[in-house]
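A.B. asks: Be aware that the sequence shown starts at 159, since it is given in this note's numbering, and climbs by one per residue.
Hints in this document: simulated from the structure, not taken from any laboratory.
Ideal Cβ positions, reconstructed from N, Cα and C, are used throughout, including at glycine.
Treat each hint with caution, since some may be false.
To be verified - Pair by pair, the computed Cβ-Cβ distance ranges are:
1) A205 <-> R277: 16 to 22 Å
2) T304 <-> S175: 22 to 28 Å
3) G248 <-> V319: 23 to 29 Å
4) T255 <-> P320: 15 to 21 Å
5) G293 <-> V319: 29 to 35 Å
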Amino acid sequence: MNMVQYAVGDATAVSGSDGPKVIAHVCNDIGGWGRGFVASVSQRWKAPEAAYRTWYRERGRPGNDFALGAVQLVPVEDGIWVANMIGQRGIARRGRTDAPIRYEALATALTALATHCNRLGASAHLPRIGCGLAGGTWDRVEPLLTAHLVARGIATTVHDVPVLRSALPAI
């Protein structure tokens, strides 16, 4: 497999029955959690949010690597982990002129994610990271997935939530 695969469905709904999996997503560097994909993560598992909040709260302690580009791997089920990747500076706010996404930090985090996936023998599963509240663009993110995951032999699947028929305009 030498390209990013796409699937329709919730990235948190993968099962570990066909091998280990890491569900990766982008977090901010200010300790905020609650909107976007993390809402789905927290609805399914409590551990990733608790781990992220502790990681942030203890960021000044020796050995704590909380910073742009860092990755925190949290086990959530047998054969399934959530990767909290710090890839955005702050959050989107009214009046802010730049997008919070930091592509360099995301690239660094994806390299670390690849190392974790290789060690675990896991595939990577993601929503369209960095392209929602972080303000990134898919034409910049997808090549990062290809270069930092796929090129390192990590089976990578991007999960798109299906559009509800009721959300489509009437024809």
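A.B. asks: Hint by hint, where does the structure go against what was stated? Just the numbers, ascending.
C.D. replies: The structure conflicts with hints 4 and 5, although it agrees with all the remaining ones.
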